[in-house]
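Let chain W serve as the given structure and place chain F on it in line with the hints.
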Amino acid sequence: MNLDEFVNLYEKHKKRPSKKDAIEILTKDEITEVDYIKLLNCYDLDVLEVAARKAKDITERYFGKNIFLYAPLYISNFCSSGCIYCGYSCFNKIKRKRLNINEIEDEMKALKKKGFQTILILTGEDNTKEGFNHLKDAVRFARRYFSEVLIETSPLTLEGYMELVNEGLTGVTLYQETYDLDTYKKVHLLGKKRDFKARLCAIERAIEAGVREVNIGCLLGLCSDYLKDVFLLSMHAMYLLKKYSKVELSISFPRIRPFKGMKFNYTEVSDLELVKFIVYTRLFLKSVGINISTRERSDLRDNLIGLGVTKMSAESKTSVGGYSKEGHSFEQFEVSDKRSLDEIIKVIRSKGYNAEFTNWVMI
Amino acid sequence: MCLVLGGKRIKSRLFVGTGKLPNYELIKDIIKEADIDVVTVAVRRVSKDSTRENILDYIPKDTIIMVNTSGARDHKEAIKIALIGRELTNSNWVKVEIEADTKYLLPDNEETIKACQVLVKEGFKVFPYISPDLIVSKKLEDIGVCAVMPLGAPIGTNKGLVAKELLKTIINEIKIPVIVDAGIGRPSHAAEAMELGAEACLINTAIATAKDPINMAKAFKMAIDAGRRAYEIGILKEKEYADASSPLTGFLRGV
Numbered sequence: 001m002n003l004d005e006f007v008n009l010y011e012k013h014k015k016r017p018s019k020k021d022a023i024e025i026l027t028k029d030e031i032t033e034v035d036y037i038k039l040l041n042c043y044d045l046d047v048l049e050v051a052a053r054k055a056k057d058i059t060e061r062y063f064g065k066n067i068f069l070y071a072p073l074y075i076s077n078f079c080s081s082g083c084i085y086c087g088y089s090c091f092n093k094i095k096r097k098r099l100n101i102n103e104i105e106d107e108m109k110a111l112k113k114k115g116f117q118t119i120l121i122l123t124g125e126d127n128t129k130e131g132f133n134h135l136k137d138a139v140r141f142a143r144r145y146f147s148e149v150l151i152e153t154s155p156l157t158l159e160g161y162m163e164l165v166n167e168g169l170t171g172v173t174l175y176q177e178t179y180d181l182d183t184y185k186k187v188h189l190l191g192k193k194r195d196f197k198a199r200l201c202a203i204e205r206a207i208e209a210g211v212r213e214v215n216i217g218c219l220l221g222l223c224s225d226y227l228k229d230v231f232l233l234s235m236h237a238m239y240l241l242k243k244y245s246k247v248e249l250s251i252s253f254p255r256i257r258p259f260k261g262m263k264f265n266y267t268e269v270s271d272l273e274l275v276k277f278i279v280y281t282r283l284f285l286k287s288v289g290i291n292i293s294t295r296e297r298s299d300l301r302d303n304l305i306g307l308g309v310t311k312m313s314a315e316s317k318t319s320v321g322g323y324s325k326e327g328h329s330f331e332q333f334e335v336s337d338k339r340s341l342d343e344i345i346k347v348i349r350s351k352g353y354n355a356e357f358t359n360w361v362m363i
Numbered sequence: 364m365c366l367v368l369g370g371k372r373i374k375s376r377l378f379v380g381t382g383k384l385p386n387y388e389l390i391k392d393i394i395k396e397a398d399i400d401v402v403t404v405a406v407r408r409v410s411k412d413s414t415r416e417n418i419l420d421y422i423p424k425d426t427i428i429m430v431n432t433s434g435a436r437d438h439k440e441a442i443k444i445a446l447i448g449r450e451l452t453n454s455n456w457v458k459v460e461i462e463a464d465t466k467y468l469l470p471d472n473e474e475t476i477k478a479c480q481v482l483v484k485e486g487f488k489v490f491p492y493i494s495p496d497l498i499v500s501k502k503l504e505d506i507g508v509c510a511v512m513p514l515g516a517p518i519g520t521n522k523g524l525v526a527k528e529l530l531k532t533i534i535n536e537i538k539i540p541v542i543v544d545a546g547i548g549r550p551s552h553a554a555e556a557m558e559l560g561a562e563a564c565l566i567n568t569a570i571a572t573a574k575d576p577i578n579m580a581k582a583f584k585m586a587i588d589a590g591r592r593a594y595e596i597g598i599l600k601e602k603e604y605a606d607a608s609s610p611l612t613g614f615l616r617g618v
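Line order of the protein sequences matches chains W and F. So for the first sequence, the numbering used here puts the first residue at 1; every next one is plus one. So for the second sequence, the numbering used here puts the first residue at 364; every next one is plus one.
Just chain W, with the same shape it has in the complex (with noise of 0.2 Å):
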């Protein structure tokens, strides 16, 4: 992927657009890199309430009157990564834990009880053998119990990747977190994860390791300029789109939340600003699902539900351990969205939207 040559794209389009000329883009079929720039671009509220109709009758097109939910599932936070907008950063001076294969199962039971049929396993950045161990142990548990099975890990080898699927993992979730390589050199101080280069083609080697499912996304708020961010986001999905045809892509927005004892200055990304995100790129990217999770408020969450999201977690706990036990460890970020289960189907209904919770039958 030339990251350049769409970063000079970017660059040599990112000016507001006049309004008509934003209405005329919203009436092509399909739109253009450099129209998806202007979007992007623009503040008007009457377009984007006219490309909000837009992106609901597409994302109902493709994914029916449906959202996904899934649970994710921490697993252990010991990091060897130093980055700063993260609770589980190695500079954070918490207590570390990894859960062992007994606490693991009973997570999953506590999770399958309530009804999850899709698990996104998380730990911290571990590129130790014994963290690999564990999570491949992980994933052979959750194969038992759960339709679909992701990690969201440090990047690993195709090889490493490979027996995972083989175990039963179908989708891996990796973050760029940001596209623009200053600001990713400043925030990533310490580990693997300091090389951007290796972190970008990572997730190749999941998808020909043959996971049917990637992730990817940014923390908007890393960097300053955020629309260049999400605008890079969407040609990374784009560039997986065309070359891995067969595999099922999804993007992810996650704004940066506070943790205990964080001291990092980010950019605030407004609601406005993520709608826009959210409904400009549903425009752009038709059949590519759009997931917000739990990092979000209540009130937000349950608005974008019809203008282009189709996949949300529920009832998260960040901290690990936390779904079985009380008194559990460190939360990686604050969840905004404490509702239950229960409550959030029951909006996602009032939305007359249906409550799936898998797309996928175990093989």
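Hints are computed from structural coordinates only; laboratory data are not their basis. Some hints could be false.
Stated by the list, open to error - With a Cα cut of at most 35 Å, we get these calculated DSBU-like pairs of lysine-lysine: (1) F:574 / W:113; (2) F:466 / W:185; (3) W:243 / F:477; (4) F:501 / W:351; (5) W:246 / F:522; (6) F:395 / W:114; (7) F:439 / W:286; (8) F:501 / W:346; (9) F:391 / W:286; (10) F:424 / F:501.
What the hints assert, rightly or not - Over the 10 Å line for every Cβ pair with chain W, so calculated as not near, a few chain F residues: (11) 369; (12) 372; (13) 374; (14) 427; (15) 481; (16) 535; (17) 549.
Said to hold, decoys possible - DEER-style ranges, computed between Cβ atoms: (18) F:439 / W:45: 44 to 52 Å; (19) W:195 / F:536: 51 to 59 Å; (20) W:137 / F:551: 54 to 62 Å; (21) W:140 / F:574: 40 to 48 Å; (22) F:613 / W:54: 52 to 60 Å; (23) F:577 / W:45: 30 to 38 Å; (24) F:439 / W:342: 34 to 42 Å; (25) F:417 / W:351: 18 to 26 Å; (26) F:522 / W:198: 41 to 49 Å; (27) W:325 / F:551: 57 to 65 Å; (28) W:157 / F:528: 22 to 30 Å; (29) W:11 / F:535: 54 to 62 Å; (30) W:136 / F:417: 25 to 33 Å.
These numbers come from a predicted model, not from an experiment. No residue lacks a Cβ here, since even glycine has one placed at the ideal position from N, Cα and C.
Just chain F, lined up with the frame of chain W:
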């Protein structure tokens, strides 16, 4: 005339998909109100051990379930999904759907042929979803599938019979039924497919995402019945010149 498919007499030529509806309760109402005989159910949406609701609980016992292999990326996955689907539903009707392109959701005809070869031998009643291609349809007919299900337009586009000329070649040249699947957005599109000689239509998005799915299903049912009846009567050919009902030169022939 009644449609016979997979050894069963089918009264309703409208088949309905269940994957995009806003709630499962609607499935039961659509089946009842639009008098539906056949519904497709994606195996990936059927849960064998969920503590939540199960789509199968909303399908009346006398409705034929055609399990759908959607999500399969190759013939091996499609075969496994079909086998799991048969076990979960006790139905041996399978719609073979193999998509190798997640952007346009187009079927992979080559992998579909391979899956059908195995599934026919496994005793399934096989209904392959294909890009409209006469040669592929003939190969599938030779394999022993019950019908072919070519798309009218890419899934969910509501664009109607953009592949009309290709659909005509299949309808004209093969002996097994042709069921038009995907891309049909309006009842008039479905009527057009039936007028061409399709034996049935499978509709999902246009019903599921309508403001009133039950009444939209009824509208499609009426259009499909009308199109079929017209086809059976014999549609008059379009002409380039007027053809007066009272001949203008009849007097020369003593009329």
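Worksheet item: Tell me, which hint numbers fail for this structure?
Response: 4, 8 and 28
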